[in-house]
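Taken in sequence, the protein lines are chains L and D. Residues 0 to 425 (numbering that gives the first Met the number 0) are what the first sequence spells out, left to right. Residues 0 to 491 (numbering that gives the first Met the number 0) are what the second sequence spells out, left to right.
One thing to keep in mind: the hints can contain errors.
[As the list claims (entries may be wrong)] As a list, the in silico SDA-like pairs of lysine to any residue whose alpha-carbon atoms are at most 25 Å apart:
(1) Lys279(L) to Tyr380(D)
(2) Lys29(L) to Tyr380(D)
(3) Lys279(L) to Phe454(D)
(4) Lys248(L) to Leu183(D)
[To be verified] A short, non-exhaustive set of chain L residues, derived as facing chain D with CB atoms under 8 Å:
(5) Val62
(6) Arg79
(7) Val172
(8) Ile183
(9) Phe206
(10) Pro239
(11) Tyr242
(12) Ile269
(13) Phe410
Everything labelled a hint here was simulated from the structure, so no lab data went into it. In this text, a Cβ means the ideal position worked out from N, Cα and C, and glycines have one as well.
Chain residues, written in single-letter form:
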Amino acid sequence: MISTKTVATEIHDDLASRWYVPAEVESLRKLYPIVVLINFVSLGIFVLRNDSESIFSSSMQIVVSIVILFLLSKLDQGQRFIRDGVIAISGLTILLSVLQFSSGPQIIIDYWMMLWTTIPPLLVIYSVSKPIVTLWASGNQTVRSAELGLFRNRKVSRIHGMIFRHIALLHAVGFVVLPILWIIDVAVSPGNSLGGDFFDAMTLEHFNHILSSESFWIWTRNSIIVSVGTTLLGLALAIPAGYAFSRFKFRGRDFAMFSFLLVQMFPGVIILVPYFLVMKALGLLNTSIGLILAYSVTALPLCVWMLKGFFDTVPKELEEAALVDGCNQNQVFWRIILPLSLPAVAVTALFSFLAAWNEFLLALTFNTSEEMYTLPVGLASLISSTGQAWGDFAAASLLVSLPVVVLFIAFQRFLIEGLSAGGVKG
Amino acid sequence: MNRVFLIAIFSFLLLLPISHASEVTSLESDGDVGYRQVGLMWSTDIPSEEGTIFEVWISNETIIEISNATKHSLVRVGNVSNLLQPGIGEWYDDCQYSIGDENWNPVYRELDGTAVIPPGAIGVNCTLSGISSGLEIHIAVLSINPSGGSILSSSISSSSTSSDEEIIVIETSPYIFAIGSIALSIFILLFVLRWMDYREGRTTSRFAHLYIAPAILALSVLTFYPVLYGIWLSFTNADQSHLGDQSIIGFDNFITVISTSGFLRVTGFTLVWSVVNVVAHIGFGLLLAIALNSNDLRGRSAYRTALLLPWAIPSYISVLVWRGLYEPTGALNDFLGTDLNLLADPNGAKIVVILVNIWLGIPFMMMSISGALQALPKDMYEAAEVDGISNFSRFRYLTLPNLKSALVPLSLLGFIWTFNMFNVIYLMTDGGPNLDFDGPGSTDILITYVYDVAFRDGAYGVAAAWSVVIFLMLVVFSWTYMKKTNATEAVT
Chain L
0 MISTKTVATE
10 IHDDLASRWY
20 VPAEVESLRK
30 LYPIVVLINF
40 VSLGIFVLRN
50 DSESIFSSSM
60 QIVVSIVILF
70 LLSKLDQGQR
80 FIRDGVIAIS
90 GLTILLSVLQ
100 FSSGPQIIID
110 YWMMLWTTIP
120 PLLVIYSVSK
130 PIVTLWASGN
140 QTVRSAELGL
150 FRNRKVSRIH
160 GMIFRHIALL
170 HAVGFVVLPI
180 LWIIDVAVSP
190 GNSLGGDFFD
200 AMTLEHFNHI
210 LSSESFWIWT
220 RNSIIVSVGT
230 TLLGLALAIP
240 AGYAFSRFKF
250 RGRDFAMFSF
260 LLVQMFPGVI
270 ILVPYFLVMK
280 ALGLLNTSIG
290 LILAYSVTAL
300 PLCVWMLKGF
310 FDTVPKELEE
320 AALVDGCNQN
330 QVFWRIILPL
340 SLPAVAVTAL
350 FSFLAAWNEF
360 LLALTFNTSE
370 EMYTLPVGLA
380 SLISSTGQAW
390 GDFAAASLLV
400 SLPVVVLFIA
410 FQRFLIEGLS
420 AGGVKG
Chain D
0 MNRVFLIAIF
10 SFLLLLPISH
20 ASEVTSLESD
30 GDVGYRQVGL
40 MWSTDIPSEE
50 GTIFEVWISN
60 ETIIEISNAT
70 KHSLVRVGNV
80 SNLLQPGIGE
90 WYDDCQYSIG
100 DENWNPVYRE
110 LDGTAVIPPG
120 AIGVNCTLSG
130 ISSGLEIHIA
140 VLSINPSGGS
150 ILSSSISSSS
160 TSSDEEIIVI
170 ETSPYIFAIG
180 SIALSIFILL
190 FVLRWMDYRE
200 GRTTSRFAHL
210 YIAPAILALS
220 VLTFYPVLYG
230 IWLSFTNADQ
240 SHLGDQSIIG
250 FDNFITVIST
260 SGFLRVTGFT
270 LVWSVVNVVA
280 HIGFGLLLAI
290 ALNSNDLRGR
300 SAYRTALLLP
310 WAIPSYISVL
320 VWRGLYEPTG
330 ALNDFLGTDL
340 NLLADPNGAK
350 IVVILVNIWL
360 GIPFMMMSIS
370 GALQALPKDM
380 YEAAEVDGIS
390 NFSRFRYLTL
400 PNLKSALVPL
410 SLLGFIWTFN
420 MFNVIYLMTD
430 GGPNLDFDGP
440 GSTDILITYV
450 YDVAFRDGAY
460 GVAAAWSVVI
470 FLMLVVFSWT
480 YMKKTNATEA
490 VT
């Protein structure tokens, strides 16, 4: 503390004002590298389009943005002419982009590029011509105003940080949502066309078709049988094991837990071929039982670890009290522990249900006859090489994923907690 | 008047042969006669005359006119001298004819395989090959007379029900024996352990071994046993055609693996695929986790929910949706205003599959890193802010080093998962474009190639050897990675 104070008093007031850079300028310096990057992306798109006129204007944009970036980094106190130059060049940039986008095809990505070539220079003009920046750039500011500015910077830069966050998140959301919007559009568009404007023509024909097709219901039935079976068998195996690992010290415990972890880290590939052959030999190919067995064992280690984690949080005193009151070990487990950990069991059940519902590779390998397809393999078969029923596929995939997505989002906190308990900590 | 009469007579004469033409009267099918084959038998009302052609038409609906059917084959009535007459079973689709008596003779064949029967034949019994199994088909015979008129017979239905798969009888007893002995030995082991516990006086764990027995049993039978079996398989010559009587052939399979053309190429692409994906997952995941990691961010939970979608949607659906986007007619070209066919271009396809997998994997990393970020001590950042440390330095010197203990296992886990990510490549490109017959395609990674080796070529032994090689690669990589990161951790 003392040393800081002495340093602070030694700093000349003049120096303190030299430190000060308005938050607007700081933020623009962070923004402009991104602008340059996005201009390069636009240039790439124009190169792919083979549109020589736009390639030229986009290259100009890049040059101009780099100049602005350079000037912004040079902008300092007493550099009034640089400030004027920045404003002038930003005006030029806006002019360029208006020229570029006044003609030519107006498609979604063009609007995005237009926003990225017009708004940053507008921001530059707006912020750099603010009185506080003008004062700073002209070099006429007093120590007092610099102090005020430093105080103000904290608030302003926090707001700017939020705006940056929103921009980044909005772009990520756009990237995530665009394919989903598109598949909704394909599902409600007539025919099997993949392109076209969003939601230009609406029809429910694909939904009708898929809901009245026999195979969709067969696949759904198979998937439900397999997923429910997996959940039940998986829980029946995992609950006692998780409980034993959580509560008892016994010989071979550490080795058994280690072997569960080992399986968790095992790549599935090494098992696929022998798995297939064993199932083939036992006559379990093209049956639901084969898949149920395979899935419940694949999910078993994670389920056991998840449940062990949950059981660990149930206080041991409860059990001890029950034992004193004359319950035996089995009764303690069934009457006390299990009812208390029902939420955890539900999450584990949901996890194994989702895993079985979405699994593709084993279902593809084991169940090759069409009557035994589960939904993943069935939906993939809609887009085979023989016929690409994109509309039906889109409708079916919306129907299949909607309940799954709702469940996942509703229980996201618990699922993610459980997964990280099993996957990352271990 | 006279002329009209003449024309009428002439036309009558023209029509005459049609009414006298041989018409197919009884058409029957005896269904399934072999692999993708159905039998077909017909007879004509009068002995067929030279020049008549019988065409067999098939369709998946009742044939009323031939416009909605496809021509399967034809039988010609003609001069049979100088033609081959292959015996029954010598030609790939048998066809016999009868001239009214009970004798069936093999038909004659032209050089291109067309069946020819001599004039006077009244019955034909053929095997139609190449019929999809399990589907009902409708068959009709069109008889075309030498004069040009034609008559379509009534349509009948038939189907080939025999399975597409060759039936191989596998001896199940070794498997049952192996599984049984595993089960037995585990029970004995558990009993011995329990007895040892009991002797030491640990009575509280009376039920512990009983509780873990089912899980241990399932794991041993369905995971450890297949793994060991797979390792054994990699030293045998097991394949689709002789399964069950495979013999040990030493390291031949491993030599096959290493000498596969494109072994280095597919391994290299798998490494590029895994490393690029993991770096992008962690990079973007970190970026988004930091962006989300603020309590006064408006709409935080809405953002998080939207960003979780790629994880929540079943991955096979997302991958197929992306495939549709990248189709030449798909929406990507509409969005960008371009005219690309990335999936048909080897390098484009590589970029595309990587992009799709990046899209899929970010939410998991984002959420995991979010959890780790929230566990970081807040006062550390408060102190940094008081000291006026810039945002970037805070990230570089506070966040990153503290996240390291979470990032190292996460990146390793991500690497193993990506290394074995089957769905994306199988559903996007199926290894293509440029699929070779004896090597991996241009977007194949190791696991998709192993799938091809095992289930397209049916070379189970070689596929098992590939699996072992992949597993060893992963072990070596993970071990070195853990070693390296631990070493740097000790330094800092």
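Now for the hints, and whether the structure bears them out:
1. For the given pair, Lys279(L) sits about 59 Å from Tyr380(D) by alpha-carbon distance, which is inconsistent with the 25 Å threshold.
2. Of the pairs offered as hints, the one joining Lys29(L) and Tyr380(D) holds, with about 21 Å between alpha carbons and a cut-off of 25 Å not exceeded.
3. Between Lys279(L) and Phe454(D), the direct Cα distance comes to roughly 13 Å. Compliance with the 25 Å bound is thereby established for this hinted pair.
4. Restraint check for Lys248(L) and Leu183(D): satisfied, since their Cα atoms lie roughly 24 Å apart, inside the 25 Å limit.
5. Contact between Val62(L) and chain D, as hinted, is not supported at the beta carbon level, the nearest pair being about 23 Å apart and thus beyond 8 Å.
6. Interface hint status for Arg79(L): violated, as the beta-carbon distance to the closest one in chain D is roughly 26 Å, over 8 Å.
7. The beta carbon of Val172(L) comes within 5 Å of a beta carbon in chain D, closer than 8 Å, and the hint placing it at the interface holds.
8. Contact between Ile183(L) and chain D, as hinted, is not supported at the beta carbon level, the nearest pair being about 10 Å apart and thus beyond 8 Å.
9. Evaluation of the Phe206(L) hint against chain D yields a violated restraint, the C-beta minimum of about 16 Å exceeding 8 Å.
10. Annotation: interface hint on Pro239(L) holds; nearest CB of chain D at approximately 4 Å, less than 8 Å.
11. Hint status for Tyr242(L): holds, given a least beta-carbon distance of 6 Å to chain D, under 8 Å.
12. The criterion of a C-beta within 8 Å of any C-beta in chain D is met by Ile269(L), whose closest approach is roughly 4 Å, and the hint holds.
13. Residue-level restraint check for Phe410(L) is violated (minimum Cβ-Cβ distance to chain D is 10 Å; threshold 8 Å).
Violated hints for the displayed structure, listed by number in ascending order: 1, 5, 6, 8, 9, 13.
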